[in-house]
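There are 2 protein chains.
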Amino acid sequence: MQLFYKANFEQDAILDEIDSKHCIRVLRKKEGDEIMVTDGIGNLFTCQIADANQKKTKLNILATQREFEKPKRHIKVVIAPTKNIDRMEYFVEKAVEIGISEISFILTKNSERKHLKLDRLNRIAVSAMKQSLKAYLPDLTNLVTIKEYLGQAETAKQKFVAHLNEKSTDLTTNDIGDSVCIMVGPEGDFDPSEIEMAEAAGYEMVSMGHSRLRTETAGLVAVTLLNMI
Amino acid sequence: MQLFYKANFEQDAILDEIDSKHCIRVLRKKEGDEIMVTDGIGNLFTCQIADANQKKTKLNILATQREFEKPKRHIKVVIAPTKNIDRMEYFVEKAVEIGISEISFILTKNSERKHLKLDRLNRIAVSAMKQSLKAYLPDLTNLVTIKEYLGQAETAKQKFVAHLNEKSTDLTTNDIGDSVCIMVGPEGDFDPSEIEMAEAAGYEMVSMGHSRLRTETAGLVAVTLLNMI
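Line by line, the protein sequences are chains A and B. Using this note's numbering, read the first sequence as starting at 1 and increasing by one per residue. Using this note's numbering, read the second sequence as starting at 1001 and increasing by one per residue.
It should be emphasised that the hints constitute simulated quantities derived from the structure, not laboratory data. Note that CB positions come from ideal geometry on N, CA and C, so glycine has one too. Among the hints, erroneous ones may be present.
[What the hints assert, rightly or not] Listed below are several chain A residues computed to face chain B (Cβ distance under 7 Å; list not exhaustive):
| hint | residue |
| --- | --- |
| 1 | Glu97 |
| 2 | Val144 |
| 3 | Arg212 |
| 4 | Leu213 |
Given these sequences and hints, build the entire structure.
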């Protein structure tokens, strides 16, 4: 099955130009054929092609599944982008496949990457959502300093920092509720002052096993465990 | 801390040419300086440089830690290589970082990749072992058909196939012992005849959550869960 994505699809059941071309020219779909569309906020639409236009494919919605495979909890990862952007792109792709609701990017003292092309990461998220047949597109929010980030109101009920030190407990030994956020440091780790700031903002320190993990690996281990435990 | 790797180091405490150059020319280590070396079979050596030769750095072993951070269980993943080799390389890197003992590669009916450069994957495994400060280098075994693979004696006490079907139980609900093997299918999934073969060979079907995961993602989720549960 191939899944298409269109924001606000219910208000305007027309595929964008790129998707129209893909659907009609590449996949050779015709009037009357059925395809699946998601709006990225939990709706999965079964549609019939009403007008097989290569630029503006018009669809009729035959059936709507609301809250399609709704995640069991809201999982947010706050992560310092890696110097090598491929590693961050890979993280976004895998996190979406495994299941994530929100990704925020932070700038820390030891961050080597100071800029981020959020558009490209959003495209990777859309593509991973379609590939893994999900109906929820995670929110990606642009790079802010860790101080700015911690200054904002955090809606997650449980807040963790991934850190290997003597105060850390294992993530899996925590009783995880329906809304959780985990912060992952840069290559070179958080500065001690940043850990203090996070603790003052109510973050608890957790470890994810004994391995010294790269930033993007720590993020993926967190996403996997928060989906499974 | 930087970790060096040399097989059979205890018998011959000399760094290979590439590592000697890295140690003496790049890191500018001198006679009397201390460095760490592993032999990939669980030994971590604290060494002193006896001869700072750029081609053959001779070392004296000052201290030996045996079974350094020994994994709690023997984890083996048997996986069908992906068409895009980057995805397999990424899998090897992340699996080593998180913790794995053995990786075997299988050729299945739906496999799009029929050849594998095991040397390159071994180099990636060595580099990931050093980067994540581990003393165990996983065994990588070359591509064989799934039939040949299942025909060999399997030493793992528990054997699973990652598969989403009505008979699958959740991997996390199994009581996992000290030696486990999990088989992961290709893009396009196993052929039903292959699942039958695996079942006849004593493999149990397990799922790793509800997501439709890519091959390399399924492998990583398995490695993460088997390290944590």
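Open item on the list: Checking hints one by one. Is leucine 213 of chain A an interface residue toward chain B, by the C-beta closer than 7 Å rule?
Closed with: Holds, about 6 Å.
TODO: Answer holds if the nearest beta-carbon of chain B is closer than 7 Å to that of valine 144 of chain A; otherwise answer violated.
DONE: violated (28 Å)
Open item on the list: Hint arginine 212 of chain A vs chain B: min CB-CB distance below 7 Å?
Closed with: With Cβ-Cβ at 5 Å, under 7 Å, it holds.
Open item on the list: Holds or violated: the hint that glutamate 97 of chain A contacts chain B, with Cβ atoms closer than 7 Å.
Closed with: holds (5 Å)
Checked against the numbered hints listed earlier, the structure breaks hint 2 alone; every other hint is satisfied.
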